[in-house]
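Same order as they appear, the protein sequences are chains A and B.
Numbering follows the numbering used here, in which position 260 of the first sequence is assigned residue number 260; successive positions increment by one, without gaps.
Numbering follows the numbering used here, in which position 26 of the second sequence is assigned residue number 26; successive positions increment by one, without gaps.
Because the hints were derived from the structure by calculation, they are not lab data.
Ideal Cβ positions, reconstructed from N, Cα and C, are used throughout, including at glycine.
Treat the hints with caution; some may be incorrect.
Unchecked claim - A short, non-exhaustive set of chain B residues, derived as facing chain A with CB atoms under 10 Å:
hint, residue
1, S19
2, L51
3, Y100
4, F102
5, I131
6, L132
7, E140
8, G149
9, E178
10, Y202
11, H245
12, G249
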Amino acid sequence: MKGRILTYTKQMIAIEPFKQIYGIAVVELENGEKIVCRVDKKYFSVLRTGLTGAVEKTWSVFGEYYSFEPEEKPVIKKVALITGGARGIGAAIALELAEHGYNVAIADISFDKEAEETLNQLKSKGVDAIFVEMNVTEPNSVEKGVKEVVNKLGRIDVLINNAGITRDQYLQKIAPEMWDLVLNVNLKGAYLCSRAVVPIMIDNGGGVIVNITSIVGIVGNIGQANYAASKAGMIGLTYTLAKELAPYGIRVVAVAPGFTKTRMALAVPPNILRDYIRRIPIPRLVEPAEVAKLVYHLIENEALNGIVVPIDLGTVISTPKA
Amino acid sequence: MVLRVSVGIIGAYSLKYESRSQLEAWDMIRESIKGVLNSVDKGIDPRDIELVIVSNFSDGYGNLLHSGPLAVDYLGNPSAKAFRVENACVSGSTALYIAYNFLKAGLARNALIVGFEKMSTQPSGSAANEILAKAAHPLEIVAGASFAGLYALIAKAYMDKYGLKEEDMALVAVKNHENAVRNPLAQFRRKITIEEVLSSQYVAWPLKLMDSSPLTDGAAALIVSAEPKMYTDTPAYIKGISMAHDKPGVFQREDMAMLRAIKEAADNAYRQAGVTARNINVFEVHDAFTIAEIVIYEMLGLAERGKGASLLKERTVWFDGSHPVNVSGGLKAKGHPIGATGVGMLAEVFWQVRGEAGERQVKDAEIGLVENHGGTGATVVVTILSR
């Protein structure tokens, strides 16, 4: 059936039992009959009185309803913000998303040689790419950075909470400053960035937050109490935000990489790293591009929410031997 | 033979409306009955009250059903007959409509009306809204429309047709919040600015949180009499009362920018009372969302079609204007405890025409109107009260 919108609304607060935001439109069918339809939030930007489109009866567990699909599709260039995007896993994710047509903003503490190289690589993919200077531990810096992304790229659809550091030591040697620094960057940073980005995602009609945690947050690791605590904290953050933000069409997921071929892993003394790797079923390092592929899948697959996916060559199943 | 009976309200009581009452729903009923019995000037023997009607929307708001016999027990007249009415947000005025007709027909001499709702018993706003959403057309329910969403459809249709702006609607909220400051019974006794309304979160575009009435716990009660002078020298006579229906679904209506049944009910009530909108001194109307109040001005005949918002700019409907609307704070700021809402609106006009409204008393108010509706105006009751 074909129809034309007579009046409409964008319902920005979800009600039970549907728990999602969507549009409601009064649509006049070609035979003159008027019906009320649900319109997916991805069409919010094109909604207007007089818009024509296809009407279809749609089955849902809460009853059959009419859905309206506009003929005019929105032209949206999705935007991803990746913290710690200058290098390592962050840079790999930025490249993967650019490969798939996302405009990307990489945020990092300072614009260095690596950031410049990553930015150039991104631009060579034919997408809009920017660098944003951001200290994820500072609320003002985060707010300012997020505003800059919206000003320059127009929106934010995906947030990758990837910025992370280690200050490894045995418990007795972890100074309070080392504890605070790791927790502030890894965990507080994820909280601050999520808090700043969510209102923008709500206005867009939804989005995806991906937290880059670690298998260390699941199984622990000697000498990494601060890092493990921060990564376990991100898992709790993931589960909670996945529940809290679902009504707004925002999904929250996490990946938990095992040792990945980045500067962070290579900073581990070689004998310790070798000893660790030889105990896991596939004894090698995870490639950053492999993590990036998984992240892309998590972003695109709309059935995924509130999960933590280990990408670890079997590290978790080999615990406690590892 | 038609009985020439003058039915009037002889007592009224309302609990303070709150976001979260410490009272259970049954305590709210008991307190309201105690309060309304005490409010009758010359007193009334509970045994003279033969009819009890409880107005309540949902057992999901208060965990109570079969409230009739409970009210009879609290009243203290075991031979009174009681039942509960549900007619969405117009349950309260529906209770009066029934009581009025019982009394007119000589089936009872006095009736007690108690309205209550304890909406905070729901765990969240989105759960509370699920219950409200069931008062719509089935197609609207399955599509997942919230009440804010349905009023937003009306607002958008109205904006398209007449060029209304979001800031025009915001004025309704600003006015009603200012009025609520003068009402000790109101849920929100706080002035707000246009900027606050405009910067509040969209609930259902173009309506924002501050365009919307809140979830409220509250109860109110009235006593209606066919022999009002026996109980008070200054009853508020029911000069007109009329019910009308529109199509239940917004989408079914010829003109979605109006609330047709309000006009029908108001015209009937005016005819019964022999008055026009101009003669009314004080109005309590169903501003569930700001857009509703603007459309109501037009349906009641206070403004021409498409010109409702001009009454706000010209201050006609403000407290100091010639035709003040919602001096109580309205549903927006006084609060909207569904089953109690209509009863509370009638109580307000009862106090106004008796000159008992304290700081918010409209000077020389002799005749007042209550426009109370359910759904998106699918059921309307308009009542005209006068000294």
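Provide an ascending list of the numbers of those earlier hints which the structure does not satisfy.
1, 2, 3, 4, 9 and 11
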